[in-house]
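Number of protein chains: 2
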Amino acid sequence: MALEFAAPIARLIDELMKMPTVGPKSAARLAFYVLGASRDDAQRLAAAILEVKEKIRPCRTCFNLAEGEVCPVCTDPLRDARQICVVADARDVVALERAREFRGRYHVLGGLISPMDGVGPDNLTVGALTDRVAAEQVEEIILATDSTVSGETTALYLTKVLKPLGVRLSRLAYGLPHGMNLEYADEVTLARSLQGRRPVE
Amino acid sequence: MALEFAAPIARLIDELMKMPTVGPKSAARLAFYVLGASRDDAQRLAAAILEVKEKIRPCRTCFNLAEGEVCPVCTDPLRDARQICVVADARDVVALERAREFRGRYHVLGGLISPMDGVGPDNLTVGALTDRVAAEQVEEIILATDSTVSGETTALYLTKVLKPLGVRLSRLAYGLPHGMNLEYADEVTLARSLQGRRPVE
Numbered sequence: 001m002a003l004e005f006a007a008p009i010a011r012l013i014d015e016l017m018k019m020p021t022v023g024p025k026s027a028a029r030l031a032f033y034v035l036g037a038s039r040d041d042a043q044r045l046a047a048a049i050l051e052v053k054e055k056i057r058p059c060r061t062c063f064n065l066a067e068g069e070v071c072p073v074c075t076d077p078l079r080d081a082r083q084i085c086v087v088a089d090a091r092d093v094v095a096l097e098r099a100r101e102f103r104g105r106y107h108v109l110g111g112l113i114s115p116m117d118g119v120g121p122d123n124l125t126v127g128a129l130t131d132r133v134a135a136e137q138v139e140e141i142i143l144a145t146d147s148t149v150s151g152e153t154t155a156l157y158l159t160k161v162l163k164p165l166g167v168r169l170s171r172l173a174y175g176l177p178h179g180m181n182l183e184y185a186d187e188v189t190l191a192r193s194l195q196g197r198r199p200v201e
Numbered sequence: 001m002a003l004e005f006a007a008p009i010a011r012l013i014d015e016l017m018k019m020p021t022v023g024p025k026s027a028a029r030l031a032f033y034v035l036g037a038s039r040d041d042a043q044r045l046a047a048a049i050l051e052v053k054e055k056i057r058p059c060r061t062c063f064n065l066a067e068g069e070v071c072p073v074c075t076d077p078l079r080d081a082r083q084i085c086v087v088a089d090a091r092d093v094v095a096l097e098r099a100r101e102f103r104g105r106y107h108v109l110g111g112l113i114s115p116m117d118g119v120g121p122d123n124l125t126v127g128a129l130t131d132r133v134a135a136e137q138v139e140e141i142i143l144a145t146d147s148t149v150s151g152e153t154t155a156l157y158l159t160k161v162l163k164p165l166g167v168r169l170s171r172l173a174y175g176l177p178h179g180m181n182l183e184y185a186d187e188v189t190l191a192r193s194l195q196g197r198r199p200v201e
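First to last, the sequence lines map onto chains A and B.
Under my numbering, the first residue of the first sequence carries the number 1, and numbering increases by one thereafter.
Under my numbering, the first residue of the second sequence carries the number 1, and numbering increases by one thereafter.
Don't take each hint at face value.
All copies of an identical chain are treated as equivalent in the list; a pair is satisfied when it fits inside any one copy or across any two copies.
Calculated cross-link-like contacts (lysine to any residue; reagent style SDA-like; alpha-carbon spacing at most 25 Å) [unchecked claim]:
hint, residue 1, residue 2
1, K163, C74
2, K55, D40
3, K25, T148
4, K55, A10
5, K163, Q195
6, K18, A47
7, K18, G118
FYI, nobody ran anything at the bench for these hints, they're computed from the structure.
The structure presented is a predicted model; accordingly, all values stated were derived computationally and were not measured.
Build the full structure now, drawing on both the sequences and the hints.
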């Protein structure tokens, strides 16, 4: 606990430092924001923190974040139930929704297979995914896991499990990110962008 | 409000984005921390925010942050009351306390003179400072304002006001920061480090 601060400020800084990428200096800066903020703003912030913990649950169907039983994507009748995009966590849903390209539904695994961290398929929502494929009229599953060792491992495992169910499987394209200069791209990205090259029409 | 998020999450992100240097992406990252945190941790964070607003007040004497009437520095009998270090705000007290060099007391102005922003001497705690000089046995006042136009203006103004009171005035040394290569220093810093050069003993 930082000695220079009065106890309530030090406590707030300690709590803020539990957040990702928030070190002592950022935490102090944020604490000073709270000190300088209006009482209303501080109360709204505290209330918003508590409300999120109270109201947000995993969607019963896809494990995306939901206010209530079912998430907005699963509730939306315009979303195509024949396509399921499988992602590691709810943050990935947000990122993909921002791209405004996918009109199907999601399935949130709740992590990626990582034997080093003791995460196996049983710790993820794989069973619920195979149940969905059996129960719903799913035609295509897009494996949208990270381009990392855990992401690849998980995609491989899901391929093995889902293939026998007769559903079409696809994987996100991996290659040069938008706006990147070729000379700055790493070898793996370049190799993948070559492997995934497409004919010019 | 971000459409991709359930309303409580969007509200939390909006509140978090009011904080300095927190943009939409950082706010989302912090909100996801809250979502993933234990209920206890979220409650502790919310409570710490409210506690700070409730309990922290400006010190009656020096306007530093205080839990109660008087701040820890003013309460400490070991701090030398003959020296007052004048700073713009309570953050500067924290920075100076970290340096563990100053053993006197502080005076927090509550800002710097800045006609552009409509801040004049009357908006600062200058009156309380001159009262302290008259009432306490102050021997030296260290003007520790920023090395900026507002900081200089404020230091000049305070010099004009305090000089007649017969108190010794000093100013922080300005020069090369610790660890900086001379070749990367800007012209003003170099000019000041030359002006402030000290004989080698």
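Status of the hints after comparison with the structure:
no., hint, in the structure
1, K163 x C74, "within (24 Å within a copy, 72 Å between copies)"
2, K55 x D40, "both (21 Å within a copy, 15 Å between copies)"
3, K25 x T148, "between (31 Å within a copy, 22 Å between copies)"
4, K55 x A10, "between (29 Å within a copy, 12 Å between copies)"
5, K163 x Q195, "within (23 Å within a copy, 76 Å between copies)"
6, K18 x A47, "both (19 Å within a copy, 15 Å between copies)"
7, K18 x G118, "within (23 Å within a copy, 38 Å between copies)"
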